[in-house]
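Asks: Okay, here's what each chain looks like letter by letter:
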Amino acid sequence: MTPRTRRLLFLASAPVLGIVVVAGLVGLPRFGHSTAQYGRVLNAVSVPERHITDVVTAVNFDYRGVDTMGEEFIFFAAVAGVVLLLGTQADESPGHVEDAATGRWVPPTSDAVRVLGLALVGPTVLFAIYVIAHGHLTPGGGFQGGVVLATAVLLVYLAGEYQHLHGLYPDRAIEGLEAGGAAAYVALGIAGLALSGSFLANWAPLGKLGHLNSAGIVPILNVVVGAEIAAGFVLLLSAFLHQTLILRRHVRPPAPVDPHRRQP
Amino acid sequence: MSILAYGVAAWLLLVGLWGIVNSRNLVHQVICVSVVQASTYVLLVAVGYRSGAVAPVFSGVRVGTIAVDPVVQALCLTDVVVGTTVTALLLALVVQWHKRTGSLDPDQVDDLDEQG
Amino acid sequence: MVPLLVAVAVVVLRRHLSRRATWMLTLATSAAVVGLAATLLVEVHGGLHVYWFGGWTPRHGVALGVSFTVDPFGVLGACFAGLLVSAVVLVATRVEQFGALAHALLLVLLAAAVGFCLTGDLFNLFVFFELMSVCTIALIAVNTSDVRSLRGALHFAIVNSIGAFFVLIGIALLYARTGALNLAVMGQRLAAHPADQLVVTAFALIVVGFLVKAAIVPFHFWLVDAATAAPAPVAMLMVGLLDTLGLYAIARVYWTVFSGPLHAHLALVQSVLIGAGVATAILGALLCLVQPLATRRLAFVSISHSGLALIAIGLLNPIGLAGFGIYACADGATKAALFSLVRAPRRTRGREPGSSPGWHGGRVGAALVVLAAAGLAGLPPGGTYLAKGLLEDGASGWGRVLLGGLVLVVSALTAGAVLHLLIGRRAGGGTAPAAEPAATGRWSWPLLAAAGLIGGAFVLGVVPGLGAHSLSAATRFEDRPVYAGTVLGVPRPASPTSREVDLGVVPALLGVAATAAGWGLARYRPFDSSRDRRRPVGAAPPVPLRRLQQLHRGGIGDSAAWLTFGTATIGAVLALGIR
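Order-wise, the sequence lines are chains A, B and C.
Note that the numbering used here has the first sequence beginning at 1, numbered continuously upward.
Note that the numbering used here has the second sequence beginning at 1, numbered continuously upward.
Note that the numbering used here has the third sequence beginning at 1, numbered continuously upward.
None of these hints come from the bench; they were simulated from the model.
Even for Gly, the Cβ is constructed at its ideal location relative to N, Cα and C.
Honestly, I wouldn't trust all of these hints.
[Said to hold, decoys possible] A few chain C residues facing chain A, derived, Cβ under 10 Å:
1) 153
2) 170
3) 175
4) 199
5) 317
6) 564
[Unchecked claim] Over 12 Å on every C-beta distance to chain C, these chain A residues come out as not near it, computed from the model:
7) 13
8) 17
9) 22
10) 42
11) 83
12) 116
13) 119
14) 126
15) 133
16) 152
17) 155
18) 157
19) 237
[Unchecked claim] Some residues of chain B that are not near chain C, with every Cβ distance over 10 Å (derived):
20) 3
21) 7
22) 11
23) 15
24) 51
25) 55
26) 66
Assemble the whole structure, with the sequences as input and the hints as a guide.
Replies: Below is the structure:
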C-alpha cells in the first residue's frame, strides 16, 4: 500500500471506530458517579480487616496479589529482553568501551551538574526508602519507590561519567538483586501457601493500624518489589547507556576536538 | 465537564492510531503506541471517579468517607508498568534497528522483504 | 495445587541466570508442567475447580480476590502449552542464539500461558496476555543481527500492544458497568440486562484484541512478518500456542461474560465470527500457494487454519467448541512441527531464497513433512480428522454442506502447498541440496520433537471416547449459570450430557479426498511460485492474487490501518445488528 491509500483506509475507518467507541462510552455511568461495587467494598473492608490505609496498595499486593506477580514478571521479562537485545553481538567488539570514548568529544559534565547530582543522591535514596516502606500507609510502594531509587543511580551517572563508572558497576550483583526480587515474591507466595493454606495469603501479624510494621506481608512484598524494580531499571539504564557508547564508536568516528561542541 | 474525560480517552485512542499509521520515524511510532495507551489510563481513572470523594488512602481520613474507586487505580498502576516495559523493549529494538540499517524509517524496510 | 503449577515454572526460571546447560533444566520444568497439568486434568474431570489466591473467597456475591477457575478445557490448554514448550526447547538446541536468558524467557512465557488458560479473572487474563507478548517480543529478535527478525519483532510488538489496549478499554467499560473483574460475576451482572451499546463496544474491542493475537484477517499481517523471520522455535510458539490461546480467550470470554446479554443476538455474533474465520481460511489458503519462501508459506498455512479454528468457535455450540479443542491441539502441534522441520531461508547472495526450500533431517524429515501435510488435510485417523468431523457436525442444514466444502478446499490447498515444498524441490533437481549442518545424527533432538508433535496429533484421533469427553467438557464450558454458581460458591448441578459422537463416513471421505487433492495439487502446481521459472505452466499467479500478495508487503503502518479498519467493521456490524 502506498502511504496515500493507507491514510485513506485509516481515515475511512477511524470515524466509524470513533463512533463505536463513543457510543459505548455514552453507556458509562455519568462522570463522577462511579458505582462499582468491587471498589466500594474494598474501600470499606481493607482498613479494618487488613490494617492497610492505602487501599490501592491493598488491591495490588493483597487482594489482587497475583496480578502484581504477573506484572513483576512482565517487568522482569522486559529487562531480560532488553539485556538480551542490547547484548554485545558477534560483529561488535566489546571491552574497549572506556578506551574509545575518553570524553574527547562528549562535552564534559559541568561542575554545576556534578555538585547538584551528588547533592541529590542522598535525599533521593532516602525518599525512595520512605516511599517503599510506607507503601501500605500512604501513596507509594515498591514500584514507585523502586523507580525513585533507580533515579539515584542515574544521578550518579549524570554527575560522574558513565564510561568511568562502568568499570565499577557491580553487574552480577545487580542482576542477582533483580532476579532475587522476582523470586522472593514467588517465595513469599509459597510461604503463604505453606503457612496459611493458599498462595500469597498473609501469614505475618497484621500489627497496629497506621504503624510501619503493620499490614502483614504487604510491606515485605513492597520491599521485594522495590528491590527488583530498582535493580531492573539500573540494568535497563546501563544497557541503553552502554549502547550509546557502542553506537558512538561505530557510527560517528571520534571527531577532532571541536571547541564549539563544548557549549552546554 | 462530565464527558470531557471520556472524550479525551477516545480522542487519544484515535490520534495515537493515526500517528502509528502515518509515522515516518520508528521512535515517533513507539511514542504513538504510548499515546494510545494513555487513553487507557485516562479511561480507567475516569471510570472510578466519584464527585467530591477523597483519595482511597485512609490515613488521617475517617474510614467510611466516600473515596474514589481504588481498583481502577491499581489496574492503572499495572498498566503503567506494562507500558513502561513495552516501551523499553520497543526502544531497544529500535536502537538495534538503527544500528543495523542506519535508518529509522519504518517503511524503508520494505525493500528487505523478499520478492513475491 | 494450581499455584504450584505456576510457581514451579516461575521459581525454577530464576536459577537460569547461571549460564549454559540450562536447556535440560528448562526441559525438565516444562515436562513437570505437563505432568502437573495432566494430573490436574484427571482431577477436574468431574467439573470445575475454583481456587482463590490469598484465600479471598467471595463475600455476598462480590469477588474480592483473583480466582483461577479450572475446567477441563483450560487444563488441556495448559497441558498443550507445556508439551509445545518442551518441543520448542528441544528444537532450540539447534539455534545458537538461544542462551540462558532466552530459556528463562521461554519459561516465563510458559508460566504466562498456563495462567492465561486457568485464570477466572478478566484483568488477570490481560496481565498474562501481556506477559506472553513481552516474552515473545524479545524472543523473536533473539538474533539481533538479523534485520528481518527485528522488523518482525517491532511489528508484533506494536500491533499486539494496540490489540492489548483494545482489550483493556473493553475491560474498563465492563468494569464501569458491572463493578467486577471476575468473569463469573461480570457474566452474572451483565445477564440481568439486555445488550446495549456499551456491552457491544466492549465485546467488539475485547474480541478484536484477541483476534489480533490469533492472526485473523485483517489482523494477520504481523504474523506473516514475525513468523517468517523469527527463529524456528519462536515461530513454533507463535503459530502453535499464541494463536490458539487468542481464540481460546474469545471462547472463554464469550461464554462466561457475554453469553447472557448477547444470547438474543446469537445469529449475529455467529455470523461475525464465522465470517472472519471464512475470510481468514480462504485468504490464507490462496496466498500460501504463491509464496516462494518456505517459512512465509507456512505462515499463511497457519493463518488459514486459524481461520478454520475460529469457525469452530464461531458456531457457538458445544459441538463446535469440542471440535475446536481437539483441532487446536492437533493442528497447532502439526503446524509447529512443520516450522521446526523447514529450514529457515538463508539469505545467501547469488541464490534466490526461495529456490531451495530445504528441510531438516534428510529422509526422515521429508517423511515427517508428508505426514504433517496429511495431518493438515485431515487424513483419518488424525486428530484433525476428528476435529473437522465435529466441526462439520456442529453446523446444520445448508451451512453444513458449505462448511464441508470449505474445509475440503482449504485443507487441500494448504496440504498441497506444504507438500509442494518437497516435490517442487525434487522436481527442480537442479540445485543441489544444501549440506545438512546437523547431518551427524539422523535422529537429532529437534527431529525427535517434531516426530513427537506430529505423532501426538495423530494419536489424538484414535483415543477412544475423546470426542465424547470433549463434547461434555464443551457443554460444561458453555454453561454460564453453572460456571458462575461454582465460582461464587453456590454450586448447581450441571445438566447431564451424554451424547455419543458418531461422525459417520463423510468426514473420513472428506479427509481422504483433501489429502489426495493436496497431493495432486502439489504434483501439478497450478500456481507455481513466480520465481521458479523451470516450468512455464502457470508461472505467474493470476492478477487478483498478485494484488493480494502486494498488500502483504506493507509495514507496521499498513497493519495498524487494517487493524483500525477491522475493528471499525466488526464494531459497526455488531452495533447496527443489535440496535
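Asks: All hints, please: hold or fail.
Replies: Hint-by-hint comparison with the structure:
no., hint, verdict
1, 153, "8 Å, holds"
2, 170, "9 Å, holds"
3, 175, "6 Å, holds"
4, 199, "8 Å, holds"
5, 317, "27 Å, violated"
6, 564, "5 Å, holds"
7, 13, "4 Å, violated"
8, 17, "4 Å, violated"
9, 22, "9 Å, violated"
10, 42, "7 Å, violated"
11, 83, "6 Å, violated"
12, 116, "35 Å, holds"
13, 119, "35 Å, holds"
14, 126, "30 Å, holds"
15, 133, "22 Å, holds"
16, 152, "24 Å, holds"
17, 155, "27 Å, holds"
18, 157, "24 Å, holds"
19, 237, "18 Å, holds"
20, 3, "14 Å, holds"
21, 7, "14 Å, holds"
22, 11, "13 Å, holds"
23, 15, "12 Å, holds"
24, 51, "15 Å, holds"
25, 55, "19 Å, holds"
26, 66, "15 Å, holds"
Violation of the numbered hints given earlier is confined to hints 5, 7, 8, 9, 10, 11; the remaining hints are satisfied by the structure.
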